[in-house]
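Residue strings, one per chain:
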Amino acid sequence: LSEDIYREIILDHYRNPRNKGRISDADVSFHDSNPLCGDEIDIHLKVEDDIVKDIKFEGRGCAISQASASMLTEMVMNKSLTSVRDLGKDDILENIGLVNLGPARIKCALLSLKVLKMSMVEYYASKDPESAAEIREGSRLY
Amino acid sequence: MLQSSTIDVERIRQDFPILQRRIKGGHKLIYLDNAATTQKPRTVIDSISNYYLNYNSNIHRAVHQLAEEATFAYEDVRLKVAKLVNARSADEIVFTRNATESINLVAKCWARQHLSKGNKVLITEIEHHSNIVPWQLVTGEVGASLDYLLVGDEGRIEIEDFKQKVHDPELKLVSISQMSNVLGTILPVKEMTKLAHKVNVPVMIDAAQSVPHMRVDVQDLDCDFMAFSAHKMLGPTGVGILYAKREILEEMPPFIGGGDMIKEVHKHNTSFNDLPYKFEAGTPNIADVIGFGAAIDYLNDLGFESIREHEMQITEYALERMNEIRGITIYGPHIMNERGAVISFNLGDIHPHDLATILNDFGIAMRSGHHCAQVLMEKLDVSATSRVSFYVYNSKDEVNILIDALQRARRLFGL
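If you read the protein sequences in the order shown, they are chains P and A.
Mapping to this note's numbering: the first sequence position 31 is 27, numbers consecutive.
Mapping to this note's numbering: the second sequence position 118 is 488, numbers consecutive.
What the hints contain is simulated information worked out from the structure, not anything from laboratory work.
Please note that the accuracy of each hint is not assured.
Claimed, not checked - Restraint ranges, calculated between C-beta atoms of paired labels, are given here: (1) A:Q506 - P:Y138: 37 to 43 Å; (2) P:N12 - A:E686: 37 to 43 Å; (3) P:M73 - A:T699: 33 to 39 Å.
Claimed, not checked - Just a sample of chain A residues kept apart from chain P, beta carbon distances all over 10 Å, derived: (4) M631; (5) F674; (6) M692; (7) D724; (8) T727; (9) D731; (10) H740; (11) K766; (12) F783.
Claimed, not checked - For lysine-lysine, the following BS3-like pairs were computed, each having C-alpha atoms within a straight-line distance of at most 30 Å: (13) A:K749 - P:K52; (14) A:K568 - A:K542; (15) P:K52 - P:K85; (16) A:K394 - P:K85; (17) A:K478 - A:K394; (18) P:K103 - A:K450; (19) A:K394 - P:K103; (20) A:K450 - A:K637; (21) A:K560 - A:K490; (22) A:K487 - A:K533; (23) P:K42 - P:K16; (24) P:K42 - P:K52; (25) A:K542 - A:K490; (26) P:K16 - A:K749; (27) A:K478 - A:K398; (28) P:K103 - A:K749.
No residue lacks a Cβ here, since even glycine has one placed at the ideal position from N, Cα and C.
Taking the hints into account, I'd like the entire structure generated from these sequences.
Now the structure itself:
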């Protein structure tokens, strides 16, 4: 039921998104959208010594997509790229506390992780094509 | 609840089996997504089963009894469609897969022949993607371009803007929808067609949202082409209609090649079949065309004047109630004569997809998103809207539940 979805924490991240904006000297940026519902997310990454030194997002769309992006940035800030690589669908759904989202809305929740993974694909593209290919494979979340 | 319209909604609802089903949580289905597709009455469903159970056969070729019955049933629907829109004859009615295919047929078989470098096609900012993309493709192929009529206040098209653009000597075709699938705006297509014809520019009308809801007369409008689809008017999916004036269809090359569209096939050349079969290659969607016939009968029994009357009443009531909700923005015309039974809106900063999720808890099926009209969304400066759209089986009671649900959403989001 929608009371279970639109809990205070989701609405709080929707209304007051954390880490929203750009990074002027980002190492990599990536944009994607859900063509069916029109949610949009841009992710900007700053990486140092294989650690996420800074992450910011821009976007527009539903509360689930935007809150999920906001919560994802908090989740990966200052984490190693290896640990970010391992993040899967269930980690995100648990993180935002919405494990029972139906097929129509799960894409909203997972868009930001998809974009984050694709920005890592870009990041590794020239440095380590093998990792890039592997992450690209793992970015097919839905 | 008062039902002052000439349509007996409660009786009609009995004819639609799906309206008896329950949605998660035990709520009755409140189907308000009729601009996307409508529900089907039992007579439509039964006529399709009846074809498969009793006279399934291919049409037009064989001489056995089943083929004769199936051919008669299929062609009888063509007559019904011709009568529905008052075409001069049934050979001006081409069956396609959907309204989109009908528009693409005109783009490929007419526009591709008549457009050259520098020419223009004029459409509007309120068009559905199906009346934008085919023209982008064909104008791109030949080096022509697309011109847009701008949407003004309340989603209206300014006739002065049209008068000016229609005089462009490069203009070769006007293609406009008669009713917007997002705003419900009804365009003055008759007047526009008259103006276009004065400068010898043919007019295509996307009538996917209008034919289901009001009396449409192609001779009165004098349009050259018209597209609509069965599934938005109680019929099955998979059946689209293209109307075109016979003399235009006659000079158009075929759409796709294959069986049924030929007269004689030799090793290196083929002569094409008469209208409208020239445009219907391969085995058509026989069962669903037959189902569409039952849908037309159902709507004719209700009467298009009564349908329009009912929709105006329910839309007016919904607009009135929705306007009471704090923080709501309603797009589109406020005058009932200029709009159909489609209401697009936004509620505060609640994203339409979130709103649709909340309304689903009440059993309400409502559309949210860009409604395949991203050009219009850009113009309205929103990424999405919520949309409710009504049809013959919707009641004022259902509108009341919609209002309760919207108030609930407001509270949940703390608006």
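Hint by hint, here is what the structure shows:
1. With their beta carbons about 29 Å apart, Q506 of chain A and Y138 of chain P fall outside the hinted range of 37 to 43 Å.
2. Between N12 of chain P and E686 of chain A the Cβ separation comes to about 40 Å, which falls inside the hinted range of 37 to 43 Å.
3. The hinted range of 33 to 39 Å is satisfied by M73 of chain P and T699 of chain A, whose Cβ atoms lie roughly 36 Å apart.
4. Its beta-carbon lying about 34 Å from the closest one in chain P, M631 of chain A satisfies the requirement of being farther than 10 Å from that chain.
5. Separation of F674 of chain A from chain P is adequate, the least Cβ-Cβ distance of about 33 Å exceeding the 10 Å criterion.
6. Chain P leaves M692 of chain A outside its interface by the beta-carbon criterion, the shortest separation being 20 Å against a cut-off of 10 Å.
7. Distance check on D724 of chain A: its Cβ comes as close as 5 Å (rounded) to a Cβ of chain P, failing to clear the 10 Å threshold; non-interface status is violated.
8. Its beta-carbon lying about 6 Å from the closest one in chain P, T727 of chain A breaks the requirement of being farther than 10 Å from that chain.
9. The claim that D731 of chain A lies off the interface is violated: its Cβ sits roughly 5 Å from the closest Cβ of chain P, which falls inside the 10 Å cut-off.
10. Chain P draws H740 of chain A into its interface by the beta-carbon criterion, the shortest separation being 5 Å against a cut-off of 10 Å.
11. Separation of K766 of chain A from chain P is adequate, the least Cβ-Cβ distance of about 25 Å exceeding the 10 Å criterion.
12. The Cβ of F783 of chain A does not lie farther than 10 Å from every Cβ of chain P; its closest approach is about 7 Å, which violates its non-interface assignment.
13. Among the hinted pairs, K749 of chain A with K52 of chain P is consistent with the structure: their alpha-carbon atoms are about 29 Å apart, no more than 30 Å.
14. At roughly 13 Å between alpha-carbon atoms, K568 of chain A and K542 of chain A fall within 30 Å of each other, so this suggested pair holds.
15. Simply put, K52 of chain P and K85 of chain P have alpha-carbon atoms about 20 Å apart, close enough for the 30 Å limit, and the pair holds.
16. In summary, the hint linking K394 of chain A to K85 of chain P is supported, as the alpha carbons are separated by about 25 Å, within the 30 Å threshold.
17. Our distance criterion of 30 Å between C-alpha atoms is broken by K478 of chain A and K394 of chain A, whose separation comes to about 45 Å.
18. As the CA atoms of K103 of chain P and K450 of chain A are separated by approximately 44 Å, the hinted pair breaks the 30 Å bound.
19. Between K394 of chain A and K103 of chain P, the direct Cα distance comes to roughly 21 Å. Compliance with the 30 Å bound is thereby established for this hinted pair.
20. Of the pairs offered as hints, the one joining K450 of chain A and K637 of chain A is violated, with about 38 Å between alpha carbons and a cut-off of 30 Å exceeded.
21. Between K560 of chain A and K490 of chain A the CA atoms are separated by roughly 21 Å; this keeps the pair inside 30 Å, and the hint holds.
22. Note on K487 of chain A and K533 of chain A: the hinted pairing holds, with a Cα-Cα distance of about 23 Å set against a maximum of 30 Å.
23. Proximity of K42 of chain P to K16 of chain P is assessed by CA-CA distance (about 14 Å); at most 30 Å being required, the pair is judged to hold.
24. About 9 Å separates the Cα atoms of K42 of chain P and K52 of chain P, which keeps this hinted pair within 30 Å; it holds.
25. This hinted pair checks out: K542 of chain A and K490 of chain A have alpha carbons roughly 6 Å apart, not beyond 30 Å.
26. Distance check on the hinted pair: K16 of chain P and K749 of chain A sit about 26 Å apart at the alpha-carbon level, within 30 Å; holds.
27. With a C-alpha separation of about 45 Å, the suggested pair K478 of chain A and K398 of chain A falls outside the 30 Å cut-off, and the hint is violated.
28. Our distance criterion of 30 Å between C-alpha atoms is met by K103 of chain P and K749 of chain A, whose separation comes to about 26 Å.
Hints 1, 7, 8, 9, 10, 12, 17, 18, 20 and 27, counting from the list given before, are not met by this structure.
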